[in-house]
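All chains, full assembly: derive it from the sequences and hints.
Number of protein chains: 2
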Amino acid sequence: MSTTAIAIIGSISVGAYLMTVRMIPRLREMFIKANLCGRDLCKKDKPQVPESYGVIIGCVFLISMFLFIPIPFAFDKDAATDAVTGGKPVTFPHDKFVELIAALLSICCMIFLGFADDVLDLRWRHKLLLPTIATLPLLMVYYVNYNSTTVMMPNFARGLFGTSVNIGIFYYIFMGSLAVFCTNAINILAGINGLEVGQSIIIAGSVLVFNLMELSLGHQVESHQFSLYFMIPFFATSLALWKFNRYPSQVFVGDTYCYFAGMSFAVVGILGHFSKTLLLFFLPQILNFLYSTPQLFHFVPCPRHRLPKYDAKTDLLHISTTEFRLNELGSLGRLMVKVLRTFRLISWQEQPDGRIITNNFTLINFVLFIFGPVHERIATQMLMSFQLLCTLLALFIRYPLANYFYTLET
Amino acid sequence: MSTTAIAIIGSISVGAYLMTVRMIPRLREMFIKANLCGRDLCKKDKPQVPESYGVIIGCVFLISMFLFIPIPFAFDKDAATDAVTGGKPVTFPHDKFVELIAALLSICCMIFLGFADDVLDLRWRHKLLLPTIATLPLLMVYYVNYNSTTVMMPNFARGLFGTSVNIGIFYYIFMGSLAVFCTNAINILAGINGLEVGQSIIIAGSVLVFNLMELSLGHQVESHQFSLYFMIPFFATSLALWKFNRYPSQVFVGDTYCYFAGMSFAVVGILGHFSKTLLLFFLPQILNFLYSTPQLFHFVPCPRHRLPKYDAKTDLLHISTTEFRLNELGSLGRLMVKVLRTFRLISWQEQPDGRIITNNFTLINFVLFIFGPVHERIATQMLMSFQLLCTLLALFIRYPLANYFYTLET
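Protein chains in written order, with numbering that gives the first Met the number 0: chain X, 0 to 409; chain F, 0 to 409.
Derived by calculation from the structure, the hints in this document are not laboratory data.
None of these values were measured; they are calculated from a predicted model.
Misleading hints may appear alongside valid ones.
Each pair of labels, with its calculated beta carbon distance range [unchecked claim]:
| id | chain 1 | residue 1 | chain 2 | residue 2 | range |
| --- | --- | --- | --- | --- | --- |
| 1 | F | I172 | X | L26 | 25 to 31 angstroms |
| 2 | F | M18 | X | K312 | 52 to 58 angstroms |
| 3 | X | P24 | F | R124 | 15 to 21 angstroms |
| 4 | F | F370 | X | M29 | 37 to 43 angstroms |
| 5 | F | L128 | X | L211 | 31 to 37 angstroms |
| 6 | X | H125 | F | P46 | 24 to 30 angstroms |
| 7 | F | E322 | X | Q47 | 38 to 44 angstroms |
Covered by chain F, per the in silico footprint, the following chain X stretches (three or more residues, Cβ under 8 angstroms) [what the hints assert, rightly or not]:
| id | stretch |
| --- | --- |
| 8 | 31 to 44 |
| 9 | 64 to 72 |
| 10 | 104 to 110 |
| 11 | 127 to 138 |
C-beta: ideal position from N, C-alpha, C; glycine also.
The following block contains the structure:
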């Protein structure tokens with residue numbers, strides 16, 4: 000393990016943090032002039048806030064990584080140039096090198112597409128298609144470097160399937176879907192000050208802790224080191240953004256940041272070989288997605304915005320609602336709302352004329368439904384605490400529990 | 000030489016062309032809604048034209064290339080997967096693979112920065128810094144794959160320097176500067192309908208012809224094949240853009256396209272090992288840059304826009320002008336205008352009060368100064384013809400003349 004390389008990316012990240020903190024307030028005018036701004040609807044005076052600051056964070060991240068590219072190889076004896084001939088290094092680890100470059104290509108591509116989305120307001124089908132395409136270089140690298148598509152079976156299933164099963168092409172489909180899911184999942188658990196960046200910081204922190212634990216156990220050293228190279232500068236630049244994006248937001252992050260964050264996580268999950276553990280860290284996003292499906296796929300009417308409703312008198316957030324009549328829904332929609340109502344997962348108010356009013360199906364509204372109206376800052380903190388809890392659960396599942404279900408062969 | 004791979008990138012490019020031609024008119028509203036549009040000042044009614052269409056071309060190019068990534072290796076016997084174990088291919092040519100990925104990273108990065116420039120209107124120092132950073136992955140690949148920094152000397156200098164000289168780090172500085180030059184040079188030879196795309200198409204065509212000639216001579220087959228992989232889809236997508244950007248422009252291309260084109264040329268020049276030949280194809284851009292220096296570096300007053308002046312009565316373009324008094328210029332500025340005047344390279348009009356009026360120092364104004372006012376379509380055609388002439392000259396220098404000056408050792 001090259002601690003020197005990690006120390007260097009650490010120093011670069013500190014520099015990146017300081018630079019970003021300096022740059023963010025200075026670029027305000029540039030964004031407002033470019034009409035990249037929006038109103039913060041959950042404030043009394045609905046201030047104009049510059050939007051899409053993810054593009055700055057993404058740029059600083061890319062510059063940091065570009066400067067870092069030669070470092071891991073500078074301390075690799077296989078990569079040393081032949082001093083006598085001065086020619087190209089003969090034993091250079093091109094396979095490691097291409098992983099780094101392909102990961103950066105996928106991330107760069109996604110920052111670009113996120114920014115294009117912010118500016119041009121792309122359609123939904125593009126939001127699904129483009130991350131898929133951006134992942135292709137990554138999958139190609141996985142294919143030529145590993146092409147390991149076997150999945151370990153838990154103990155109880157081993158009688159049926161054996162210790163491990165080779166799922167072949169489905170493994171690639173899983174990884175492609177992971178990238179699409181990660182990029183969009185952060186984007187739909189959003190809308191109150193600081194939430195996008197807050198959750199990403201906690202996920203990045205969880206990945207860092209997980210990588211360090213695995214490194215200390217001596218498991219798959221190269222993979223977890225690779226993940227650290229990306230997560231350290233990501234964590235640093237996100238922290239700088241958090242300083243300005245937390246309540247009350249001075250800047251908004253835009254789709255650019257959500258896509259950038261999602262793809263960074265997908266990259267380390269796929270090339271670091273811990274995509275399943277990564278999904279455990281995404282538990283709140285998975286729950287939010289599942290809870291949202293009735294509205295996302297239009298089984299239940301979905302208003303243009305599902306943000307909580309702001310009450311200027313009390314300065315608190317209330318649930319935002321959607322209205323429908325039961326007989327307007329399809330049979331699947333009716334089933335969904337009935338199940339959700341039975342388990343008291345949605346608010347339910349029947350009007351005399353038969354219309355039904357429920358909260359919009361997002362995790363933010365669910366929190367407000369359970370705990371009642373709270374201040375915006377508190378709502379973000381609650382969701383971030385939940386994210387943290389899920390990390391602890393994930394680490395519990397990954398370590399004590401996994402040892403119980405999966406017996407590693409030695 | 001893998002003709003199959005070239006046939007496939009050819010087919011993908013035809014598909015890309017057809018897709019782009021369909022997409023461009025449909026996305027008009029999206030760009031106008033995003034406020035990405037500008038007025039065409041050289042038309043009677045100064046119509047609103049959507050801007051930054053380079054972003055579409057860039058996206059289609061990237062998607063085409065991402066789909067193409069596995070192809071060159073599918074026909075490479077070293078890259079074949081071990082059929083028995085189904086594991087990773089042992090002899091996979093990672094060094095070739097990383098060239099492709101790093102080239103795409105540099106291009107993707109540049110499209111992104113170009114688009115950011117169009118939207119956010121970056122400062123001049125960013126325009127020089129960012130292409131330098133975007134070239135880093137490319138230079139790193141050059142270092143680990145070739146690290147050949149020797150330059151052949153022409154016959155007359157061999158007595159002094161030997162057959163070839165190793166210029167070491169300066170070769171990398173040269174390649175970095177090449178990328179900065181290429182991205183900005185197309186951007187400053189611009190401003191009349193179709194010129195940015197027109198010149199890029201001719202340069203791309205020249206590179207294609209050069210690659211095919213070298214391939215037919217059996218010189219550096221891999222390098223020129225690599226160049227074809229990029230230039231064929233670039234040529235196809237640019238051709239689609241030309242359909243809408245030529246006089247009268249229905250869409251503008253923005254800095255995005257100029258950066259994208261410049262970086263694509265730099266990439267093939269550097270990794271295809273013909274950076275010096277490439278510069279010969281950039282002769283008009285070099286002349287434009289040299290001619291512009293007095294204004295670019297503010298030795299002579301430089302107005303915000305240096306576009307030709309449109310005369311609505313005659314529908315012709317006239318030179319645009321700048322004004323100064325000789326005693327306002329520094330000594331270097333005075334020297335420059337005197338030399339240019341002596342060789343009749345600028346218009347010169349002395350006012351009774353001592354003010355001097357000359358044309359703005361751009362190649363477009365120079366053409367108008369020499370040939371008098373012409374129609375916008377004709378001006379573009381003249382400059383494109385000049386570009387074509389320079390290609391012929393370049394090929395003459397590269398083949399008959401180079402054989403005279405450089406004796407190849409066998």
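A quick look at each hint next to the structure:
Checked against the hint of 25 to 31 angstroms, the pair I172(F) and L26(X) passes, with Cβ atoms roughly 30 angstroms apart. Remark: the range hint 52 to 58 angstroms for M18(F) to K312(X) is upheld by a beta-carbon distance near 53 angstroms. A hinted range of 15 to 21 angstroms holds for the C-beta pair P24(X) and R124(F), which are about 19 angstroms apart. Checking the proposed 37 to 43 angstroms range against F370(F) and M29(X) shows it holds: the Cβ atoms sit about 41 angstroms from each other.
Checked against the hint of 31 to 37 angstroms, the pair L128(F) and L211(X) passes, with Cβ atoms roughly 34 angstroms apart. Between H125(X) and P46(F) the CB atoms are about 28 angstroms apart, so this pair conforms to the stated range of 24 to 30 angstroms. Checked against the hint of 38 to 44 angstroms, the C-beta distance between E322(F) and Q47(X) comes to roughly 40 angstroms, which is consistent with it. With 4 residues bearing a CB less than 8 angstroms from a CB of chain F, the stretch 31 to 44 of chain X meets the requirement of three and the coverage assertion stands.
Taking a C-beta to C-beta cut-off of 8 angstroms, the stretch 64 to 72 of chain X contributes 5 residues in contact with chain F, enough for the three needed, and the coverage statement holds. As drawn, the stretch 104 to 110 of chain X meets chain F at 4 residues by the rule of a beta-carbon pair under 8 angstroms; at three or more, the given contact holds. Remark: the stretch 127 to 138 of chain X is confirmed as covered by chain F, as 4 of its residues place a Cβ nearer than 8 angstroms to a Cβ of that chain, reaching the required three.
Checked against the numbered hints given earlier, this structure breaks none of them.
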